[in-house]
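Number of protein chains: 2
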Amino acid sequence: MSKKVSIKDIAQTVGVSTALVSYVLNNKEKEARVGKEIAQVIRDTAVKMGYQPNQIAKSLKTGKSYTFGLIVADISNPFFGNLARNIEDEAKKFNYTVIFASSDENAKKSQNLINILTERQVDGFIIAPAENSQDQIEAILKNNIPLVLIDRYFKDLGTNCVVTNNYEASYQAVSHLIEAGKTNIGMVAYQTDLAHMLDRKQGYIDAIKDSKQLKAKIPLVKMVDFNAGQEEVEAGIREFFAQNPTIDALFFATNTLTLKGLKSLNKLNYKVPDDVAIVCFDESEAFDFFYSPLTYIEQPLLEMGKKAVQILIKNISEKKSANMQVSIASKLIIRQSSAATVKKN
Amino acid sequence: MSKKVSIKDIAQTVGVSTALVSYVLNNKEKEARVGKEIAQVIRDTAVKMGYQPNQIAKSLKTGKSYTFGLIVADISNPFFGNLARNIEDEAKKFNYTVIFASSDENAKKSQNLINILTERQVDGFIIAPAENSQDQIEAILKNNIPLVLIDRYFKDLGTNCVVTNNYEASYQAVSHLIEAGKTNIGMVAYQTDLAHMLDRKQGYIDAIKDSKQLKAKIPLVKMVDFNAGQEEVEAGIREFFAQNPTIDALFFATNTLTLKGLKSLNKLNYKVPDDVAIVCFDESEAFDFFYSPLTYIEQPLLEMGKKAVQILIKNISEKKSANMQVSIASKLIIRQSSAATVKKN
DNA sequence: ATTTTTATGTTAATCGATTAAGCATATCTT
DNA sequence: AAGATATGCTTAATCGATTAACATAAAAAT
Chain R
1 MSKKVSIKDI AQTVGVSTAL VSYVLNNKEK EARVGKEIAQ VIRDTAVKMG YQPNQIAKSL
61 KTGKSYTFGL IVADISNPFF GNLARNIEDE AKKFNYTVIF ASSDENAKKS QNLINILTER
121 QVDGFIIAPA ENSQDQIEAI LKNNIPLVLI DRYFKDLGTN CVVTNNYEAS YQAVSHLIEA
181 GKTNIGMVAY QTDLAHMLDR KQGYIDAIKD SKQLKAKIPL VKMVDFNAGQ EEVEAGIREF
241 FAQNPTIDAL FFATNTLTLK GLKSLNKLNY KVPDDVAIVC FDESEAFDFF YSPLTYIEQP
301 LLEMGKKAVQ ILIKNISEKK SANMQVSIAS KLIIRQSSAA TVKKN
Chain D
1 MSKKVSIKDI AQTVGVSTAL VSYVLNNKEK EARVGKEIAQ VIRDTAVKMG YQPNQIAKSL
61 KTGKSYTFGL IVADISNPFF GNLARNIEDE AKKFNYTVIF ASSDENAKKS QNLINILTER
121 QVDGFIIAPA ENSQDQIEAI LKNNIPLVLI DRYFKDLGTN CVVTNNYEAS YQAVSHLIEA
181 GKTNIGMVAY QTDLAHMLDR KQGYIDAIKD SKQLKAKIPL VKMVDFNAGQ EEVEAGIREF
241 FAQNPTIDAL FFATNTLTLK GLKSLNKLNY KVPDDVAIVC FDESEAFDFF YSPLTYIEQP
301 LLEMGKKAVQ ILIKNISEKK SANMQVSIAS KLIIRQSSAA TVKKN
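Which chain is which? The protein sequence lines are R and D, in order.
Position 230 (the first sequence) corresponds to 230 in our numbering; numbering is contiguous.
Position 152 (the second sequence) corresponds to 152 in our numbering; numbering is contiguous.
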């Protein structure tokens, strides 16, 4: 390492104290009443010597790292990748940098990541919490580290969170299927207690129950494990149809489930939308290429990312947890996969 | 912030010096000849008080941040998201943490990110360099900060890099199209001087020229701007066909180009593979759902990510740049979109 | 000619660790 | 018994900044 230039080096070259250099380079000349000429000399010398402040030293002294930790389930999932990108961009506006980490929906990993990031003195966390990570979240709060949950949240924890209107969006999506004439709508969801998933489920259930059109108002939900691979999902769907042969529409709870589900339907030779209509939560580049373009719920990832950062920054600067629960509306994008049933005679 | 527990707090509680605490908590009891009993007391107290080392302070003293910077074009692009994930996992094995940033193929942004990360004292960089960022890379090298380029590289810079065999993979892919009976194979590529793209182009060109089968050995390459949206790509492809009406196969240079290209082909009503056969570099979840599943070049993202981290760690620990150029072979996945032409009569 | 201001700088403590060097005691050697 | 060795712990400098408190010379005021 070709020894980096420090404030001390500049001070020596110019022939002043390090204090002066610090004041000037932090634009505190006014408060510190630094002479105009010497200030200019210091600035010029800093540039000439290629000075780059040591953010680590700065952080140690000021207690602010200008970094936050982003913990998602899996950064390679485009849903989180997109979210991460929006968070990154917004964070940059406030001179913040983001350390990311993937928890794989695993509470143990999650705890480990939180520890690592805490040791690194992140100024705050943005977390899409894994199941059973409630204690961890509470611990962060107790340590007074600013925190915003994103995508998921815990009902009985009054933490900051930014989510979409899971219940309403699901309700609307399912209602749309009902209006399209579907009479046996099943839902495929992840087996989890995470509130956002329960909300989506409840939205589905209530839409079914509230329906004036449906004769059989019996919700049919197929649960699949979070870490289920293609085979498990396929087996689940096969079973689902076996138990409920009259299903004529499926509502998928996430993009990953949808992708595996569609592959399963292809294999099982179900035609969309004639045999089964489809609506799904989240989007995917792939949905545009399915032979019957998918109707999906588009989440406001840009707004969610932005908002999460803004709340976090606010919390950091005001150092009291304002506890904002923000819900941003999703949008149902209607396409072919949920086309109205044509009456056959 | 409920004041964090420091080594000093532990020292006071136990009634020893901070040095002793430091030695014990860093498992240097042997070297420092710390008494067995007191060591245990220190350890217990640390746990009881919930001590978490301040990594920032540690970094300042030791000069190692156990962090590296990952700069890619766009973390929301699944290609980079996947790479990032693999890098994250491998880094974790060495107790490293990753700060990520997206350069948007923009040299100015890239320089800005490099500065920010340098100030944060990252121990090393993994970069998928943007066009015209050669100087920046050289500057990092001159500063003796360990660096590994990934995905892309610069021909005349002897830096560490981990890439796939772009030339050979393209050559093989195009040869496959030729064998499948295609006679007018066009390539759609990004307009850039980045070596990996030139390699892909050259692979295409040479495969055409070396062919024994082809009558017209004239390479046809359509260039598209890096930041081209759907419309520009569509216009480009329309033009491409207008100028070369006999094109019966297209080789796309990246996943993003492919996605836009396929949408364009759909709009222009070309059928795959009958009107145009398709092969593309990179993969995408979407490729599985195209009506004619795509033949594509699968890059070894896991190996690339791992290798990049390993080289970086090695460079960091040995503090001399070994300069390894690693190329890992891609794999051609053949599916319907490049099916052999059936002779019509 | 003092005293007060004003203008400019410097000193030194501090953030939370690490670690070489030093200082007692105790235990061996021969 | 006297020096050598081992054991156990402390001191204090250091990493690269920030910043409150203090210092001093020149200009202005009285």
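Take the hints with a grain of salt, since some may be wrong.
[Unchecked claim] Each computed DSSO-like pair below joins lysine-lysine, with the alpha-carbon atoms no more than 27 angstroms apart:
hint	chain 1	residue 1	chain 2	residue 2
1	R	30	R	61
2	D	306	R	58
3	R	307	D	109
4	R	267	R	155
5	R	108	D	58
6	R	93	D	108
7	R	93	D	306
8	R	58	D	108
9	R	108	D	263
10	D	108	R	267
Read the hints as simulated data drawn from the structure, not as lab findings.
field: Hint numbers contradicted by this structure
entry: 2, 4, 7, 9, 10
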